[in-house]
Amino acid sequence: MIEAILKYEFLQNAFLSGAVIGIIAPLLGAFIVVRRLSLIADALSHVTLSGIAAGLYLGQTVPTLATVNPLYFGMLFSVGGSLLIERLRSVYKHYQELAIPIMMSGGIGIGVIFISLADGFNTDLFSYLFGSVSAVSRGDFYAVIAIGIIVLVTVFLLYKELFVLSFDEEYAKASGIPAKAVHLAFIILTALVISVSMRIVGVLLVSALMTLPVAAAMRVAKGFKQTIWLSILFGETAVLTGLVSAFYLNLAPGGTIVVTSIVLLFAAILWKKDRN
Amino acid sequence: MEQKTVIDIRDVNFRYDRESVLKHINLSVPQGAFVGLVGPNGSGKSTLLKIILGLLKPKEGDVVLFGTPQQKFKDWDRIGFVSQKANSFNTGFPATVHEVVMGGLAKKMGLFHRPGQKEKEAVEKAVKAVGMESFLKRNIGDLSGGQQQRVFIARAIVSNPSILILDEPTVGVDRQNVESFYHMLTHLNKELGMTLLLVTHDIGTIKDKVTHVACLNKYLHFHGSMKQFIQLDEQELSHLYGHGIRLLDHHHDH
Numbered sequence: 075m076i077e078a079i080l081k082y083e084f085l086q087n088a089f090l091s092g093a094v095i096g097i098i099a100p101l102l103g104a105f106i107v108v109r110r111l112s113l114i115a116d117a118l119s120h121v122t123l124s125g126i127a128a129g130l131y132l133g134q135t136v137p138t139l140a141t142v143n144p145l146y147f148g149m150l151f152s153v154g155g156s157l158l159i160e161r162l163r164s165v166y167k168h169y170q171e172l173a174i175p176i177m178m179s180g181g182i183g184i185g186v187i188f189i190s191l192a193d194g195f196n197t198d199l200f201s202y203l204f205g206s207v208s209a210v211s212r213g214d215f216y217a218v219i220a221i222g223i224i225v226l227v228t229v230f231l232l233y234k235e236l237f238v239l240s241f242d243e244e245y246a247k248a249s250g251i252p253a254k255a256v257h258l259a260f261i262i263l264t265a266l267v268i269s270v271s272m273r274i275v276g277v278l279l280v281s282a283l284m285t286l287p288v289a290a291a292m293r294v295a296k297g298f299k300q301t302i303w304l305s306i307l308f309g310e311t312a313v314l315t316g317l318v319s320a321f322y323l324n325l326a327p328g329g330t331i332v333v334t335s336i337v338l339l340f341a342a343i344l345w346k347k348d349r350n
Numbered sequence: 002m003e004q005k006t007v008i009d010i011r012d013v014n015f016r017y018d019r020e021s022v023l024k025h026i027n028l029s030v031p032q033g034a035f036v037g038l039v040g041p042n043g044s045g046k047s048t049l050l051k052i053i054l055g056l057l058k059p060k061e062g063d064v065v066l067f068g069t070p071q072q073k074f075k076d077w078d079r080i081g082f083v084s085q086k087a088n089s090f091n092t093g094f095p096a097t098v099h100e101v102v103m104g105g106l107a108k109k110m111g112l113f114h115r116p117g118q119k120e121k122e123a124v125e126k127a128v129k130a131v132g133m134e135s136f137l138k139r140n141i142g143d144l145s146g147g148q149q150q151r152v153f154i155a156r157a158i159v160s161n162p163s164i165l166i167l168d169e170p171t172v173g174v175d176r177q178n179v180e181s182f183y184h185m186l187t188h189l190n191k192e193l194g195m196t197l198l199l200v201t202h203d204i205g206t207i208k209d210k211v212t213h214v215a216c217l218n219k220y221l222h223f224h225g226s227m228k229q230f231i232q233l234d235e236q237e238l239s240h241l242y243g244h245g246i247r248l249l250d251h252h253h254d255h
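Same order as they appear, the protein sequences are chains A and B. One rule links them: number in our numbering = place in the first sequence (from 1) + 74. One rule links them: number in our numbering = place in the second sequence (from 1) + 1.
Just chain A, same shape as in the assembly (with noise of 0.2 angstroms):
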């Protein structure tokens, strides 16, 4: 295995970004999960596949967007839908799940147009769809390192303020902290680690990086700090095991990654049970 990773690019772009994706998924997921919005990970990951569709339809009718990488409409998509579920959110006060099925729903339809209007599907979307091994560019693997170094600072820099907003937005609001603003920069990182995920785990598989690490984590750490250890460690695991798998087995990797993920969590309900 180290041979072959050694030996071809494609390899090294997808086990590099694989690694990445394995810490940052799960570090915002730990925020996620407490914060129960487990499902806005979810919309914003079909959001995502609406502006990879429209990246790759606009690639192939407007000749000077051909060469721009479907990954960063991606991007913009999904972090203009972040911005949209915040407002929608605040339209439907108290509906506010509501936000959820309006932009899973919008991203899958606007998805489908621009799908359709690319001549249906091929296997560049497939591997958007469920994660591919040998489909991570150079480019793409840049771009996760990019997204990579500004969510570990961020988070780094922000910790307690995330922290003190998970555990209690109405206490974070009433200290003074700029409770808005740190939410804003929190949605707008994970629209961003959606985005870039995908090209590993794919569209319908993102979320499941980011819960199930965390879900297993909770069950066997003690505080937050080693929940958010744990899920990385859990995040790492799953994403290798599932990339090697993956390769090996000539499979998608988002159905490895996503399976180890859940034997993984398993794995931590039957060891706490055991303990009780």
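Just so you know, not all the hints are guaranteed correct.
Listed below are the simulated DSS-like cross-link pairs for lysine-lysine, each with C-alpha atoms no more than 27 angstroms apart in a straight line [said to hold, decoys possible]:
| id | chain 1 | residue 1 | chain 2 | residue 2 |
| --- | --- | --- | --- | --- |
| 1 | A | Lys299 | B | Lys121 |
| 2 | B | Lys24 | A | Lys247 |
| 3 | B | Lys51 | B | Lys119 |
| 4 | B | Lys208 | A | Lys247 |
| 5 | B | Lys24 | A | Lys296 |
| 6 | B | Lys60 | B | Lys24 |
| 7 | B | Lys219 | A | Lys167 |
| 8 | B | Lys126 | A | Lys299 |
| 9 | B | Lys58 | A | Lys254 |
| 10 | B | Lys191 | A | Lys299 |
| 11 | B | Lys51 | A | Lys167 |
| 12 | B | Lys126 | B | Lys138 |
| 13 | B | Lys126 | B | Lys73 |
| 14 | A | Lys299 | A | Lys247 |
| 15 | A | Lys296 | B | Lys119 |
Interface residues of chain A toward chain B, partial, derived using beta-carbon atoms under 7 angstroms [as the list claims (entries may be wrong)]:
| id | residue |
| --- | --- |
| 16 | Val108 |
| 17 | Ser112 |
| 18 | Ile187 |
| 19 | Leu231 |
| 20 | Lys234 |
| 21 | Phe241 |
| 22 | Ala248 |
| 23 | Gly250 |
| 24 | Ile251 |
| 25 | Ala295 |
| 26 | Gly297 |
| 27 | Phe298 |
| 28 | Thr301 |
| 29 | Leu307 |
| 30 | Glu310 |
It should be emphasised that the hints constitute simulated quantities derived from the structure, not laboratory data. All figures in this text were calculated on a predicted structure; none of them were measured in a lab. We treat Cβ as the ideally placed atom computed from N, Cα and C, and that holds for glycine.
With chain A held as given, fit chain B onto it using these hints.
What follows is chain B alone, placed relative to chain A:
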């Protein structure tokens, strides 16, 4: 000598849509006092607290904090707040007592600063002040209601505020622990000189602990020292609530 006023509420009105919740509220909290803000459910107590904390804006009137109009007030870490725990936190949250109390320093440390030795010591001191030092590494969800409430007090006092505001702090705390809980509050008030504003619907429990009482039911019906309050006769008391209230706690009935 003029006594300093920590919170000064001047002729505040508040409405949700058209429904009037607070009318012509004038309330001042002197430094070093232990004020009980009493009123039945739906009397506007929580709304008034939210106005003091700047979470809601009064439709008319002014709020002055430490002599500064609220619009210009920046030193929010001088005000500690303990909310009704049931409303605002999920007990499954994976955080230790240490992490929760550290959260109380977030504002004081400022953006981008990370906690160091000084902050760690402040956390340990606050946790000790509420008698929870042996629970530092435990998850907050594993503690009893009374213990959790002590942790939230520690979080509120860790930044060393001048006033501590408590919203129904003993809801969900069993009777035995309520006594020791108030004992701890009296300690904070008398020994550490912290001003306290406590909101409750149950005047019986607090009447021999507080120095001042304010009775709220849309209007502020009474505001004065405990001594003056006790001198009110039955008729005036029932006027406060529209029906008779029991001044005496079950403990002291005999």
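Okay, the hints, checked on the actual structure:
At most 27 angstroms may separate the alpha-carbon atoms for a hinted pair to count; A:Lys299 and B:Lys121 meet this at roughly 15 angstroms. Distance restraint check for B:Lys24 and A:Lys247: the Cα-Cα separation of roughly 25 angstroms lies within the 27 angstroms cut-off, and the hinted pair is therefore satisfied. Among the hinted pairs, B:Lys51 with B:Lys119 is inconsistent with the structure: their alpha-carbon atoms are about 31 angstroms apart, more than 27 angstroms. Taking the CA atoms of B:Lys208 and A:Lys247, the gap is about 31 angstroms. The hint is violated against a cut of 27 angstroms.
Taken as a hint, the B:Lys24 and A:Lys296 pair is broken in the structure, with Cα atoms around 47 angstroms apart against an allowance of 27 angstroms. The suggested pairing of B:Lys60 with B:Lys24 holds, with an alpha-carbon distance near 10 angstroms, which does not exceed 27 angstroms. For the hint pairing B:Lys219 with A:Lys167, the CA-to-CA distance comes to about 26 angstroms; that is within 27 angstroms, so the pair holds. This hinted pair checks out: B:Lys126 and A:Lys299 have alpha carbons roughly 22 angstroms apart, not beyond 27 angstroms.
Only pairs whose Cα atoms come within 27 angstroms are accepted, and B:Lys58 paired with A:Lys254 is accepted, the gap being roughly 17 angstroms. As the CA atoms of B:Lys191 and A:Lys299 are separated by approximately 37 angstroms, the hinted pair breaks the 27 angstroms bound. Between B:Lys51 and A:Lys167 the CA atoms are separated by roughly 18 angstroms; this keeps the pair inside 27 angstroms, and the hint holds. Annotation: proposed proximity of B:Lys126 to B:Lys138 holds, straight-line Cα distance about 15 angstroms (limit 27 angstroms).
Straight-line distance between C-alpha atoms of B:Lys126 and B:Lys73 comes to about 31 angstroms, which puts the hinted pair past the 27 angstroms bound. At roughly 22 angstroms between alpha-carbon atoms, A:Lys299 and A:Lys247 fall within 27 angstroms of each other, so this suggested pair holds. As the CA atoms of A:Lys296 and B:Lys119 are separated by approximately 23 angstroms, the hinted pair is consistent with the 27 angstroms bound. With a least beta-carbon distance of about 6 angstroms to chain B, the hint placing A:Val108 at the interface is held under the 7 angstroms criterion.
Of the supplied interface hints, the one on A:Ser112 is violated, with its beta-carbon coming no nearer than about 14 angstroms to a beta-carbon of chain B, more than 7 angstroms. Against a cut-off of 7 angstroms between C-beta atoms, the interface hint on A:Ile187 is violated, since the closest Cβ of chain B lies about 39 angstroms away. Because the beta carbon of A:Leu231 sits about 5 angstroms from the nearest beta carbon in chain B, less than 7 angstroms, this interface hint is met. For A:Lys234, the shortest C-beta to C-beta distance to chain B is roughly 4 angstroms, which falls under 7 angstroms, so the interface hint holds.
The interface hint given for A:Phe241 holds, since its Cβ lies 6 angstroms from the closest Cβ of chain B, which is under the 7 angstroms cut-off. Because the beta carbon of A:Ala248 sits about 5 angstroms from the nearest beta carbon in chain B, less than 7 angstroms, this interface hint is met. The interface hint given for A:Gly250 is met, as the beta carbon of that residue sits about 3 angstroms from the closest beta carbon of chain B, less than 7 angstroms. Residue-level restraint check for A:Ile251 holds (minimum Cβ-Cβ distance to chain B is 6 angstroms; threshold 7 angstroms).
Annotation: interface hint on A:Ala295 holds; nearest CB of chain B at approximately 6 angstroms, less than 7 angstroms. With a cut of 7 angstroms, the hint placing A:Gly297 at the interface with chain B holds, because the nearest CB-to-CB distance is about 4 angstroms. Because the closest C-beta pair between A:Phe298 and chain B is about 5 angstroms apart, less than 7 angstroms, the hint holds. Taking 7 angstroms as the C-beta cut-off, the interface hint given for A:Thr301 holds, the closest approach to chain B being about 5 angstroms.
Given hint, A:Leu307 at the interface with chain B, is violated; its Cβ is 15 angstroms from that chain's nearest Cβ, farther than 7 angstroms. Hint status for A:Glu310 relative to chain B: violated, with the closest Cβ pair at about 19 angstroms, above 7 angstroms.
Comparing the model with each earlier hint shows violations of hints 3, 4, 5, 10, 13, 17, 18, 29, 30; every other hint is respected.
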